[in-house]
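**Student:** This is what each chain is made of:
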Amino acid sequence: MPRTSLKLTTALVASTFFASATNAAETYGPFPVTVKGYEGNKTNSVSYSGQIARHVLHDSLKKLASKGDGGGNAVEIEAALLLYFNGAEGDLDILAPTSKGDFTIKQNTLNEISEGKNISGKFYDGAMPAWPGDLTGREVLAHMIKHASQSEGGYDAANGYDWGQLISKFTMGAMAYNQAVDNYLDEKLEADTKPNGKPYKDGAAYTGKEHVWDEAFGYFGAAAHSLSLSAEDNYNIAKMKDLTVADANGDGVVDLKTEYVFGPAYYAAGADKTGKTTYMIDIMTAFIEGRKLITSAQGESLTDEQRAQLKSYAATIEENWEKVLAEAAFKYAGSVYKDITKIGEAADDETRAKAYRAYVKHWGELKGFAMALQSGKNNLGRTAVHLNRLIGYGPVTLDETIVSGIDADGNFVRDRKLSWSSYQLNMLRVQEQLLNAFGIEARANDATAELAGLVESLNTDGGAETD
Amino acid sequence: MEYLEQITAIFSDFINPKKRVFVGYLVLSVLIALVFLVAMRKSSTRGAFGAIFDRKILFSRSSIADYKIFVINQVITMLVSPLLLTQIAIATAVFFFLHRFEFVTSGQFEQANAAVVVGLFSVTLFVVDDLSKYMLHRWMHRFPILWSIHKVHHSATTMTPITVYRVHPLEAVLYASRGTLAQGPVVAVFLFLFGSTVSLATVVGVNVLVFAFHVTGSNLRHSHIQIGYWRWLERLLISPAQHQIHHSVAEQHHDRNFGAALAIWDWMFGTLHLSEKQELQFGLGGKQGAESDLKVLYLQPFLDITRIARRIVTRPFQRLRSDV
Numbered sequence: 001m002p003r004t005s006l007k008l009t010t011a012l013v014a015s016t017f018f019a020s021a022t023n024a025a026e027t028y029g030p031f032p033v034t035v036k037g038y039e040g041n042k043t044n045s046v047s048y049s050g051q052i053a054r055h056v057l058h059d060s061l062k063k064l065a066s067k068g069d070g071g072g073n074a075v076e077i078e079a080a081l082l083l084y085f086n087g088a089e090g091d092l093d094i095l096a097p098t099s100k101g102d103f104t105i106k107q108n109t110l111n112e113i114s115e116g117k118n119i120s121g122k123f124y125d126g127a128m129p130a131w132p133g134d135l136t137g138r139e140v141l142a143h144m145i146k147h148a149s150q151s152e153g154g155y156d157a158a159n160g161y162d163w164g165q166l167i168s169k170f171t172m173g174a175m176a177y178n179q180a181v182d183n184y185l186d187e188k189l190e191a192d193t194k195p196n197g198k199p200y201k202d203g204a205a206y207t208g209k210e211h212v213w214d215e216a217f218g219y220f221g222a223a224a225h226s227l228s229l230s231a232e233d234n235y236n237i238a239k240m241k242d243l244t245v246a247d248a249n250g251d252g253v254v255d256l257k258t259e260y261v262f263g264p265a266y267y268a269a270g271a272d273k274t275g276k277t278t279y280m281i282d283i284m285t286a287f288i289e290g291r292k293l294i295t296s297a298q299g300e301s302l303t304d305e306q307r308a309q310l311k312s313y314a315a316t317i318e319e320n321w322e323k324v325l326a327e328a329a330f331k332y333a334g335s336v337y338k339d340i341t342k343i344g345e346a347a348d349d350e351t352r353a354k355a356y357r358a359y360v361k362h363w364g365e366l367k368g369f370a371m372a373l374q375s376g377k378n379n380l381g382r383t384a385v386h387l388n389r390l391i392g393y394g395p396v397t398l399d400e401t402i403v404s405g406i407d408a409d410g411n412f413v414r415d416r417k418l419s420w421s422s423y424q425l426n427m428l429r430v431q432e433q434l435l436n437a438f439g440i441e442a443r444a445n446d447a448t449a450e451l452a453g454l455v456e457s458l459n460t461d462g463g464a465e466t467d
Numbered sequence: 001m002e003y004l005e006q007i008t009a010i011f012s013d014f015i016n017p018k019k020r021v022f023v024g025y026l027v028l029s030v031l032i033a034l035v036f037l038v039a040m041r042k043s044s045t046r047g048a049f050g051a052i053f054d055r056k057i058l059f060s061r062s063s064i065a066d067y068k069i070f071v072i073n074q075v076i077t078m079l080v081s082p083l084l085l086t087q088i089a090i091a092t093a094v095f096f097f098l099h100r101f102e103f104v105t106s107g108q109f110e111q112a113n114a115a116v117v118v119g120l121f122s123v124t125l126f127v128v129d130d131l132s133k134y135m136l137h138r139w140m141h142r143f144p145i146l147w148s149i150h151k152v153h154h155s156a157t158t159m160t161p162i163t164v165y166r167v168h169p170l171e172a173v174l175y176a177s178r179g180t181l182a183q184g185p186v187v188a189v190f191l192f193l194f195g196s197t198v199s200l201a202t203v204v205g206v207n208v209l210v211f212a213f214h215v216t217g218s219n220l221r222h223s224h225i226q227i228g229y230w231r232w233l234e235r236l237l238i239s240p241a242q243h244q245i246h247h248s249v250a251e252q253h254h255d256r257n258f259g260a261a262l263a264i265w266d267w268m269f270g271t272l273h274l275s276e277k278q279e280l281q282f283g284l285g286g287k288q289g290a291e292s293d294l295k296v297l298y299l300q301p302f303l304d305i306t307r308i309a310r311r312i313v314t315r316p317f318q319r320l321r322s323d324v
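As they're listed, the protein sequences go chains A and B. Numbering-wise (the working numbering), the first sequence opens with residue 1 and increments by one. Numbering-wise (the working numbering), the second sequence opens with residue 1 and increments by one.
Keep in mind that the hints are not guaranteed to be accurate.
[Stated by the list, open to error] Partial list, derived from the structure: chain B residues whose beta carbon lies under 10 Å from chain A:
{"hint": "1", "residue": "P82"}
{"hint": "2", "residue": "Q87"}
{"hint": "3", "residue": "T92"}
{"hint": "4", "residue": "F97"}
{"hint": "5", "residue": "T105"}
{"hint": "6", "residue": "L125"}
{"hint": "7", "residue": "H246"}
{"hint": "8", "residue": "H254"}
{"hint": "9", "residue": "F258"}
Calculated from the structure, these hints are not laboratory results. No residue lacks a Cβ here, since even glycine has one placed at the ideal position from N, Cα and C.
Pulled out of the complex, with its shape left as it was, chain A reads as follows (with noise of 0.2 Å):
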């Protein structure tokens, strides 16, 4: 009997210390502190709850861009959003995400996650021409918010605008996005700023360069576990479907910090699970193995050779994560173009309001994520030129007419013609300029996709057949 107990510790021993030697593997974190002096009692110097944080003010956004009755509470409404875009004074309810069913949320407010924290302050704020008026994109978001309050559920049906999904995508990319590609994982990674051999500010338990990569990786918004899930298991997450799969550290509760999936990492998995593309494989693996470098150094400044390695896996990041958003703007054109199809074979006005109303969705998620992809590091030149230009500063609306650009108040114009059928021809050219800018693979909705199952069908019965 002993012996049979002592072979059963035996494996249960190996058993999990190999589990915890892969699942070390495959998790964002736990990594030791290992910066020089460091006087206090934490043991991983992992951290990156602000990016969380941003998320969740993000998500919160979203929620409350939707709450206008038209005007009546404008005010109110464009406080609180305001609120939530520059950050409060005290502690702010996480408006979302919250509990739903068995998916309990362990944090109900943000000072829970991380204090003091805002998005306006880490959002893009170059030329935004994607947007009539010649603002910034810091000030595009403001004169959403303004408008999204004055708007009725987040809905502007007349000039074809979904508040919450304009605010939501392009806040992706002008925070998230920008903040990781073009700051972080940008000039952050040289050598005088932010060094390995110090810490990050006094006191603290990570070293510079530590923290400027845990930073990044918040900004993903994937869940320290993501790599070890599948692409089906990310989504559900961020869907709140799955409580077993969200919750790794089995205490019941999904610990916003590290076991949900946030919007980024959400389309990553989005397009991952057509099962043509990896982006979250590619983009975790990057980013873990990019942290173990770090840590390998030991606390002491990365060498040349270090950082060219890091940057290389910074590369990879940024990549993927353009191709990401691409992927989600070439989705909802897809989506918009059937979306026209629908509301021109609406048989009564009751299907035709709800078609316009999806169509008006997707396109305010299609525009957004075309501004988040000029949020980034990438000057994206023609391309950005020609998309704006096919996508326009609103859909073609009910009456045919597009919005042409805002007057001296702030107020949409829309003195412009365009038929349908050229908003879906538009909608094709949308396509192929992000296909052939991005190169990407997921392609999901790809409004040709059937012309190309269909030439596949047919019997070519070969040149060489003549009569």
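Given the structure of chain A, go ahead and fit chain B onto it with the hints provided.
**Tutor:** Relative to chain A, chain B alone:
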């Protein structure tokens, strides 16, 4: 291993139901020929077999050249076909273009009866494809440059189903492009109008009409088995005998029966010739032996094209000189 794969690829047409020489169609053609010879021509079964598998025809110099050309052309096709304009490119361009019209919208008739749409699509595709074959074939005979290419096919003095591959590679390119140009727009128009309701009615993966064409003895067109149809049917469908007339050296048969499956084009444009029981001599009627000299078959068209092109280029200058 790689060699084996390449050899299999060369002969893959025989096991591909999309190709005329698919073994199933060949067997059916033999059966049709047997029934025809026994029932209509009152031949004995043994005699019919002997006539069908006539060694003098199967192993004539012309036929042996066909077999060699088959292999060479299959290799050339493998190399060239990736370079050709793809059907998908044409279809996409037309599909995009259709969005420019205001009076009709994408998917406007998506709710139409699926069976009707599938039927209409399959018939349209077949008819348009057949018309384009008629037109190109007519041009191949009409214009000297094209005729110099198409002559290779007509040089056959005996015909077997493999003669369908006796074409100059340039002709193969022209025919492939024709298919692309004819079918691409049809696909685009149907998808634009009927959306996802569109699909092809197929049997063993082939358009049901193309399948019907092959199972009713399309292989006998290039053979010596003279099967004619009723006179009324020969105005609608080209019979094997009618196509054999197209290959005849007799002057009264020149430039007749250009059609592939349908005879209506020949009927409409005055090039129809109904079949009659008669001895036919195939080929160009020129120098003996030219039909089996591969060097001549592959190179002569280039020499002819050069000669014709030079004449076209220099003609205006010659006229100038004579004016002076």
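**Student:** Against each hint, give a clear statement of whether it holds in the structure.
**Tutor:** Checked hints:
no. : hint : result
1   : P82  : violated, 13 Å
2   : Q87  : holds, 5 Å
3   : T92  : holds, 6 Å
4   : F97  : holds, 9 Å
5   : T105 : holds, 5 Å
6   : L125 : holds, 7 Å
7   : H246 : holds, 8 Å
8   : H254 : violated, 16 Å
9   : F258 : holds, 8 Å
Against the hints set out earlier in the document, violations occur for numbers 1 and 8.
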